[in-house]
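Student: Since each chain sits alone in its own frame, please combine them into the complex, following the hints.
Protein chains in written order, with the numbering used here: chain A, 1 to 111; chain B, 1 to 114.
Don't take every hint at face value.
No farther apart than 30 Å at their CA atoms in a straight line, the calculated lysine-lysine pairs in the BS3-like style are these [to be verified]:
hint : chain 1 : residue 1 : chain 2 : residue 2
1    : B       : 57        : B       : 9
2    : A       : 69        : A       : 103
3    : A       : 3         : A       : 69
4    : B       : 57        : A       : 103
5    : A       : 3         : A       : 103
6    : A       : 69        : B       : 57
7    : B       : 9         : A       : 69
8    : A       : 3         : B       : 57
Derived by calculation from the structure, the hints in this document are not laboratory data.
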Amino acid sequence: DAKTTQPNSMESNEEEPVHLPCNHSTISGTDYIHWYRQLPSQGPEYVIHGLTSNVNNRMASLAIAEDRKSSTLILHRATLRDAAVYYCILRGYSGNTPLVFGKGTRLSVIA
Amino acid sequence: DSGVTQTPKHLITATGQRVTLRCSPRSGDLSVYWYQQSLDQGLQFLIHYYNGEERAKGNILERFSAQQFPDLHSELNLSSLELGDSALYFCASSVGRTGGGTQYFGPGTRLLVL
Numbered sequence: 001d002a003k004t005t006q007p008n009s010m011e012s013n014e015e016e017p018v019h020l021p022c023n024h025s026t027i028s029g030t031d032y033i034h035w036y037r038q039l040p041s042q043g044p045e046y047v048i049h050g051l052t053s054n055v056n057n058r059m060a061s062l063a064i065a066e067d068r069k070s071s072t073l074i075l076h077r078a079t080l081r082d083a084a085v086y087y088c089i090l091r092g093y094s095g096n097t098p099l100v101f102g103k104g105t106r107l108s109v110i111a
Numbered sequence: 001d002s003g004v005t006q007t008p009k010h011l012i013t014a015t016g017q018r019v020t021l022r023c024s025p026r027s028g029d030l031s032v033y034w035y036q037q038s039l040d041q042g043l044q045f046l047i048h049y050y051n052g053e054e055r056a057k058g059n060i061l062e063r064f065s066a067q068q069f070p071d072l073h074s075e076l077n078l079s080s081l082e083l084g085d086s087a088l089y090f091c092a093s094s095v096g097r098t099g100g101g102t103q104y105f106g107p108g109t110r111l112l113v114l
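So here's chain B without its partners, still in its complex pose (with noise of 0.2 Å):
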């Protein structure tokens, strides 16, 4: 158990709705990111947060936003889902400026878009 916790565990939705995920970080870590994994793309960073701020933007889709919250749960917000989007959805959370940057990953989302 990484500590860090997402939630739902499985979301079946339908082409055009609105989703949105929720990870709870290990406490006191202030950092949180966000990875989509898919079969043809594989592992692929999309956004991270730091004690409320973003810090950095991967390859994360227009229609796809994300916040932290002064509590440091993160949320990814995906609307006008594609079939495409469905995938693995995982959050990691890390110390933040020290320690090595070791992320710890959570159990993951896994979206499915009909």
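If we strip away everything but chain A, and leave its shape as in the complex, we get (with noise of 0.2 Å):
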């Protein structure tokens, strides 16, 4: 699987914008780019994907590098119900294979 790296740590303040950074410099052609977070105490939980183009939904948007070697998942104004880890995971086509998680980025968000 081609790897993923991603910070350890990032803090935002309350009801600022978070960008998340996230490097793939060997992705394939195929591979979509998955993002999830897990709260404290939860399992996982899916936040979003996208292959090429930049991609929005109620809970983030995924910024997609032209070369597609990086992308950016980002929290327009960040609760501290955000606070979580969140894993950049990298998928073939078909979906119906494991997630391989890396290690993600801890955020923190402060008050």
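Tutor: Below, the structure written as structure tokens:
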């Protein structure tokens, strides 16, 4: 599986935008970029995914670099409830494959 | 609430014992995945079942086994337990072949081996 690299931790002020980066320089043409997050004492939850174009949903936005070697998860207004570990994961087209979790980025949100 | 249920929530047992963890996927989901999360290893994939058939194995020990039943619920059996098996065990379900493969995780079972 292609690897991803994320910062170990990031900090944000409440109600400020947060940009969580992910590098995936060995991404293949058919790999989708998925983001999951794990809130304290909970199972991981899906956030967003994309292939080439930027994507938006109610939780976040995903900005994908033109060469697809990096991406950024954007939380438009961080809340205390967004404090979690965020995982950037590459997956093939079929989607019927296990998730390979790295260490992720631990996001702290300060009131 | 993801729609995936896991029982029990907590389990405390002794070394050498055997336990069974149960997972009920979301209605309509055919795929069930099991993951283990420990402090030192992070989240690791154990095994994947699709519509009753084993599809993939990850870092699953020989002492561990799983199955998926006709009603699509799944059980993970852990035997000859060791201290190092103490961890959070998550199951996740997804539709399977289509839909982008979003996985929905249950709340987990916290296993403590003493």
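Student: Holds or violated: residue 69 of chain A and residue 57 of chain B, Cα atoms, limit 30 Å.
Tutor: holds, 29 Å
Student: Between residue 3 of chain A and residue 103 of chain A, is the straight-line Cα distance small enough, at 30 Å or below?
Tutor: holds, 11 Å
Student: Straight-line Cα separation of residue 57 of chain B and residue 9 of chain B no greater than 30 Å?
Tutor: Holds. Residue 57 of chain B to residue 9 of chain B sits at ~24 Å (cutoff 30 Å).
Student: Quickly compare the C-alpha distance for residue 57 of chain B and residue 103 of chain A to 30 Å and report which way the hint goes.
Tutor: holds, 21 Å
Student: Between the alpha carbons of residue 9 of chain B and residue 69 of chain A, is the straight-line distance 30 Å or under?
Tutor: Violated: residue 9 of chain B and residue 69 of chain A sit about 39 Å apart, past 30 Å.
Student: Are the Cα atoms of residue 3 of chain A and residue 57 of chain B separated by 30 Å or less?
Tutor: Distance of about 19 Å is within 30 Å: holds.
Student: Are the Cα atoms of residue 3 of chain A and residue 69 of chain A separated by 30 Å or less?
Tutor: Given pair residue 3 of chain A, residue 69 of chain A holds - Cα atoms ~11 Å apart, limit 30 Å.
Student: Holds or violated: residue 69 of chain A and residue 103 of chain A, Cα atoms, limit 30 Å.
Tutor: holds, 19 Å
Of the numbered hints stated above, the single one contradicted by the structure is hint 7.
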